[in-house]
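So the protein lines, in turn, are chains Y and X.
The opening residue of the first sequence carries number 1 in the numbering used here; numbering runs sequentially from there.
The opening residue of the second sequence carries number 1 in the numbering used here; numbering runs sequentially from there.
To be clear, the hints were calculated from the coordinates, so they are not data collected in a lab.
Bear in mind the structure is a predicted one, so any value in this text is a computation, not a measurement.
Be careful, since some hints might not be right.
Claimed, not checked - Simulated pairs of lysine-lysine, DSS-like, Cα-Cα distance not exceeding 30 Å:
#1 Y:K7 with Y:K159
#2 Y:K168 with X:K150
#3 Y:K168 with X:K22
#4 Y:K7 with Y:K35
As the list claims (entries may be wrong) - Chain X is faced by these chain Y residues, among others (derived, beta-carbon under 8 Å):
#5 I23
#6 Q66
#7 R68
#8 I77
#9 L93
#10 E94
#11 R114
#12 L155
#13 F156
#14 P165
#15 M170
#16 I173
In this text, a Cβ means the ideal position worked out from N, Cα and C, and glycines have one as well.
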Amino acid sequence: MEREDIKSIIESLLFVADGPLTIQRLGEVLEGVGKADLRSTLDELQAELENNRRGVRLVEVAGGYQLRTPKINADWIKKFLGGRPARMGRATLETLAIIAYRQPITRAEIEAIRGVDVDGVINTLLDRRLIRAVARKDVPGRPFLYGTTPEFLQLFNLKDLTHLPTLKEMEEITLPAIPGEELPVEGVEES
Amino acid sequence: MTTRVQLEIFEGPLDLLLHLIKKNEVSITDIPIAMITEQYLATLEVMQTLNLDVAGEFLVMAATLIHIKSRMLLPLTDGDEDEEDGGADPREELVRRLLEYQRFKDAAAELERREVLTRDVFVRSVAPAEDIPAPEFRDVSVFELLTALKRVLDRLPKDVVHEVMLEKITVREKMTLLLDHLRTQGSILFESLFAGVTTRMEVVVTFLAMLELVKVRAIRIFQEEATGSIQIEAAADLENAPAVLAMQDPEEDQHGT
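Chain Y with its partners taken away, still in its complex shape (with noise of 0.2 Å):
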């Protein structure tokens, strides 16, 4: 097969694929060709997309690559759509950061940190997939141990855990001043 037909196919893959596509996969499909070829097949084809500045392009996501649209584009898709952007509210946000990054936690571990009763924001989390329970943790109660999904890291663009943004360090913390009479928004300093 021509290189050009295997970026061909792998295009079509990861076209109908419902979700992040495995070198794994793809390997399956296309027998013969080797993980190595397939890489940098797929890295061929991300460059091409970015370059010719296309409406999809090739990211690495979940441990998969998949096809998605630019940044750019996403007024025009919302207007399309013509959906309600679902927004995360602070509590969920703020809960879901503290399960990323201390994965895997106990409720209780969660509630120590936020300083408030997070049931209510644990089974939204549950309900949207983003979290589930991945053990028991060995002390009395045996409670549940909860940690991220794949949806989690398809949610916020992210290849792998490891690609979390860096938790600051405690001597790096400083609060962000407050606007002016408005809510506290998101503007955290640059540190």
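Go by the hints and put chain X onto chain Y.
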């Protein structure tokens, strides 16, 4: 001097404290505990005035702050080694918690700045159901149902009529009637369920019939907005309704007035 408190949606006591620290532009590692405690308590008071449900955690933190404040008033003496942490700054633990919490607030903000799926970037046809503008239906709470029931009961003629005639209405009859209604009309308003009903007993029986049908998931009750009218519609395939009824045998079948 009146303290004007800008009320915001605080996620919890730590969030409120961080806000106060920022607002007063004081150092998080050297919190002027008396001032912050005072403002913290003032905020709680406003929340209570507004009848907001001040969660227990807010009160626990209030107690913690007062405890720290009182400990800071005590002179440090050398012989205090038996104190919990041997004369360490009583604010230390609180500062650690605040910093830890801020750390995850920062992390959350960092996550939100990423290219978020269905906000910044999209994939083919996998538009999550939540994003598609579905008609906004809320589940009706039991309390809303009870309030609606009370309105119906209040509308009944006040005159006390002593009916001697024994009128038998069964929950099952009402269930069948209601299902017949839905079969022909699709959905009906909660209030119209009680059209023509004049006795308290019949209102109650009708209400029970409705609850029974909800229990077996034959009907759904919802409202379009918090204060909107409550609507009832068939949930299951109504052709199977007789089967549903057969399965359901309300323990008490006989009601009379």
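Now the hints, each set against the structure:
For the given pair, K7 of chain Y sits about 22 Å from K159 of chain Y by alpha-carbon distance, which is consistent with the 30 Å threshold. Of the supplied pair hints, the one linking K168 of chain Y and K150 of chain X is violated, its CA atoms being roughly 55 Å apart against a limit of 30 Å. With a CA separation close to 19 Å, the supplied pair K168 of chain Y and K22 of chain X stays within the 30 Å bound. Taking the CA atoms of K7 of chain Y and K35 of chain Y, the gap is near 13 Å; set against the 30 Å cutoff, the hint holds.
A hinted interface residue such as I23 of chain Y counts as satisfied when its beta carbon comes closer than 8 Å to some beta carbon of chain X; here the least separation is about 19 Å, so the hint is violated. Hint on Q66 of chain Y holds. Least Cβ distance to chain X is approximately 6 Å, under the 8 Å limit. Evaluation of the R68 of chain Y hint against chain X yields a held restraint, the C-beta minimum of about 5 Å falling below 8 Å. Taking 8 Å as the C-beta cut-off, the interface hint given for I77 of chain Y holds, the closest approach to chain X being about 5 Å.
Satisfaction of the interface hint for L93 of chain Y is found here, the shortest Cβ-Cβ separation to chain X being roughly 4 Å, below the 8 Å cut-off. Look at E94 of chain Y: its Cβ gets to within about 5 Å of chain X, closer than 8 Å, so that hint holds up. At its closest, the beta carbon of R114 of chain Y sits 6 Å from a beta carbon of chain X; the interface hint therefore holds under the 8 Å criterion. The interface hint given for L155 of chain Y is met, as the beta carbon of that residue sits about 5 Å from the closest beta carbon of chain X, less than 8 Å.
Interface hint status for F156 of chain Y: upheld, as the beta-carbon distance to the closest one in chain X is roughly 5 Å, under 8 Å. Residue-level restraint check for P165 of chain Y holds (minimum Cβ-Cβ distance to chain X is 4 Å; threshold 8 Å). The criterion of a C-beta within 8 Å of any C-beta in chain X is met by M170 of chain Y, whose closest approach is roughly 5 Å, and the hint holds. Look at I173 of chain Y: its Cβ gets to within about 5 Å of chain X, closer than 8 Å, so that hint holds up.
Checked against the numbered hints above, the structure violates hints 2 and 5; every other hint is satisfied.
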